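**Q** Residues per chain are reported as follows:
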Amino acid sequence: MDFTLTEDQQVLREAVRTFADEVVAPQAAQRDESCAFPTELRQQLAEMGLFGSYVPEDFGGSGLDILSYAIIVEELSRACAATGVVVSAHTSLCVDPILTYGSDEQKATYLPKLASGEWLGCLSLTEPGSGSDAGSASCTAIRYDDGWHVNGRKCFVTNGGEADVMVLIAVTDPPAKRHRLSAFIVETATPGISIGKLEKKLGINCSSTAEFVFEDGVIPFENELGEIGRGLNIALATLDGGRIGIAAQALGIARACLDASVSYAKTREQFNRPIAEFEAIQHKLAEIYVGTAAARRLIERAAWLKQNERPYSAEAAMAKLYASEMASRAANHAVQVFGGYGYCKDYPVERYLRDAKITEIYEGTSEIHRLVIGRELRRHPERVTAT
Amino acid sequence: MHFELTDEQRSLRDEVRQIVAAELAPNARGWDREAELPSELYGKLGAARLMGLRLPAEHGGRGLDLRDASIVVEELARQDGATALMLSVQNLCGALVLQAGSDAQQQYLPKLASGEHTAAWVSADTLKATQNNEQWILEGNAPYTINAGNAHLFVTLAQPTGDEPTQALLIEAVSKGLHIGPSDDKLGMRACNTAPLTFEALSVSADSVCGEAGDISAVLDQHRILLAALAVGLARGSLEVALEQAEQPDASGQPPAEHQSVQFMLADMATTIDAARLLVRRAAWLADTGQPYAVDAATAKLFASETATKAALDAIQICGGAGYSKDLPIERYLRDAKFIELEAGSSQQQRLNIAQSVLSA
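Chains G and V, in that order, give the protein sequences. Position one of the first sequence corresponds to residue -13 (the working numbering), numbered consecutively onward. Position one of the second sequence corresponds to residue 482 (the working numbering), numbered consecutively onward.
Simulated from the structure, these hints should not be mistaken for lab results. Nothing here was measured: the structure is a model prediction, and the numbers come from that model. A hint or two may mislead.
Partial list, derived from the structure: chain V residues whose beta carbon lies under 10 Å from chain G [unchecked claim]:
1) L522
2) D777
3) A781
Capping the alpha-carbon separation at 35 Å, the derived lysine-lysine pairs in DSBU-like fashion look like this [as the list claims (entries may be wrong)]:
4) G:K331 x G:K343
5) G:K183 x G:K252
6) V:K807 x V:K667
7) V:K525 x V:K819
8) G:K252 x G:K99
9) G:K343 x G:K187
10) G:K331 x G:K163
11) V:K807 x G:K252
12) V:K807 x G:K343
13) G:K343 x V:K819
14) V:K807 x V:K791
15) V:K791 x G:K252
Just so it is clear, CB atoms sit at the ideal spot from N, CA and C, and this is done for glycine as well.
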């Protein structure tokens, strides 16, 4: 048992934290209002190498480990949760499946531009009729002589508004009971693919959440990702990795809540003293702190397991389940510490509360995670109850 | 970063599991009912070198670091929280004498390691020590002192008058002025003896001083880590028993585990137990590698103790009537777990300490 962060990881954290404080944080509130993700910020993230964290250097990435990636998402999210998810969805949901399942040609074609941030990636999985029940998708990709013809809709696609590339999960064998879905790499500029609605949301507002409409878009055969019929497996395995990113996002939000609450409690005076002197406030600060500590341990473990190619599905689910619900509790505490001012947009904590909520929902709802963990407990009780 | 046990740790864990299966599992319920641990248990645990977990081999101990000790304590508590608590306090006392004791005082250690003697940790705000020539005079009460009933050695924290910091004094059981009251009849940890102590002008020589504020707070922080490990053991017991029970078909012919509401409780238990164990391991790693660990010890103790109580409550809920009956050990895990939320600083105190640390960072 060893919890040492390498020097590289510590240096990375410092560097991303500084970048987040100086570049990402200052306009976070404005972006939340405008709901726009500025090209300039995207370029600055790209210049910092934050879009290719664990892509191997051979493909233009930084060759970092999974924990380093989680550190990046956490530090960005502390400044702006929406920015954190832009990077996380790009990396975990688009880059990762190409890295894991892509052919050499596909990796050579797509990874360098994704790693550099020249292209932004996304995952098109969810549909209006198919969320937690991902297997019930109905967007089809039917094989013709000239490629796969795609028809249907995908919704709630994070990064959809700006993405150049998507990993698409579509139905290739509609009547089948198993192996119905397949994965594809699809360029958003493909004719027949258009952006439909851009969602107006409660939080993570400058992260685009888009609908894609497919009207006879044609995907070349060389863009099949992994084996045809393995699309659901690929999607679920991809989401396992995404959970580590979202857990890190939630942790970043909770840390922002703690920092803001500590700072406010020290300066706000009532009854002739800083409110930090009241046990009621200290209790909340401690609760947020302890929550972040527990979440961090679960994230570190999940990242280590993925890095070492061990099964990590249940552990990633635990990290995401715990961190997301913890972040919402932390944000509630933070708004409470700020009192009336916490309810006002002049202060950041109301945004943290709005941002935190989505972490309990996307990339697998808390309910789905409980089912994942419960199923693993029933199948392998020995693995999950004793380290 | 590394999350696996070493082969040595796995062997240690398996060895303790065997001892626990043989000695604790069949007897814990009876000991809880009788509110007493059998006298031969101390020698057996001593022979297995578990009474002196942290003490070096030359004194008859295992010389374990905190990471390894936390593995042992979790395994003990998995079957009997009371034994684990008695042993933890034994090790707390031994740790202070080892760290701060004079050569003469270290003579106490072999008998603590063998289990021939037990030690009690005595701490109460009302205990005052006044210096008189070469003697310390102790006055006051210390209720609910763990291991007091049959202790040979009392590691006694006393507050000198004035602004001087607390110090520890080693007091032997048969001392004029030391009265041990009747053992407490408790909700849980029943087999682990606790009793009230009264000090009436008890006089000890200055040689009895063993450790100052820094030593005391260090061993107490370490104790919190082991208490947290104890809580993890209790919580794990609740989860394992509930999981097993939930797979048995109920009156409807279906295992309760088929229901989402049961799966959800099991999932939450497993998640918080894993988080608690990881917090324990990290606090232990920080202590073992010479890094600051007080806040991490407090965090682990707070989180693990509250996790253990909740896990037991949920486990009883999953098991229904059987969970409420003494036929299953969960009701005992609940009663035992509650104690850890109180001992070595209540959960409320841990939160205040953590907050102070966060505010001054």
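**Q** Each hint needs a verdict: does it hold in this structure or not?
**A** Outcome of the hint check:
Given the 10 Å rule on beta carbons, the hint for V:L522 is violated: about 24 Å separates it from the nearest Cβ of chain G. Annotation: interface hint on V:D777 holds; nearest CB of chain G at approximately 7 Å, less than 10 Å. Checking V:A781 against chain G: minimum C-beta separation of about 9 Å stays under 10 Å; hint holds. Between G:K331 and G:K343, the direct Cα distance comes to roughly 17 Å. Compliance with the 35 Å bound is thereby established for this hinted pair.
The suggested pairing of G:K183 with G:K252 is violated, with an alpha-carbon distance near 44 Å, which exceeds 35 Å. Using a Cα cut-off of 35 Å, the hinted pair V:K807 and V:K667 holds, with the two alpha carbons roughly 16 Å apart. Straight-line distance between C-alpha atoms of V:K525 and V:K819 comes to about 27 Å, which keeps the hinted pair within the 35 Å bound. Restraint check: the Cα-Cα separation between G:K252 and G:K99 comes to about 46 Å, which exceeds 35 Å; the hinted pair is violated.
For the proposed pair G:K343 and G:K187, the alpha carbon gap of about 11 Å is at most 35 Å, so the pair holds. As the CA atoms of G:K331 and G:K163 are separated by approximately 50 Å, the hinted pair breaks the 35 Å bound. Simply put, V:K807 and G:K252 have alpha-carbon atoms about 50 Å apart, too far for the 35 Å limit, and the pair is violated. A C-alpha spacing of about 41 Å is found between V:K807 and G:K343, which places the hinted pair above 35 Å, so the restraint is violated.
Between the alpha carbons of G:K343 and V:K819 the distance comes to roughly 32 Å, so the proposed pair stays at or under 35 Å and holds. At roughly 18 Å between alpha-carbon atoms, V:K807 and V:K791 fall within 35 Å of each other, so this suggested pair holds. Taking the CA atoms of V:K791 and G:K252, the gap is near 33 Å; set against the 35 Å cutoff, the hint holds.
The earlier numbered hints that this structure contradicts are 1, 5, 8, 10, 11 and 12.
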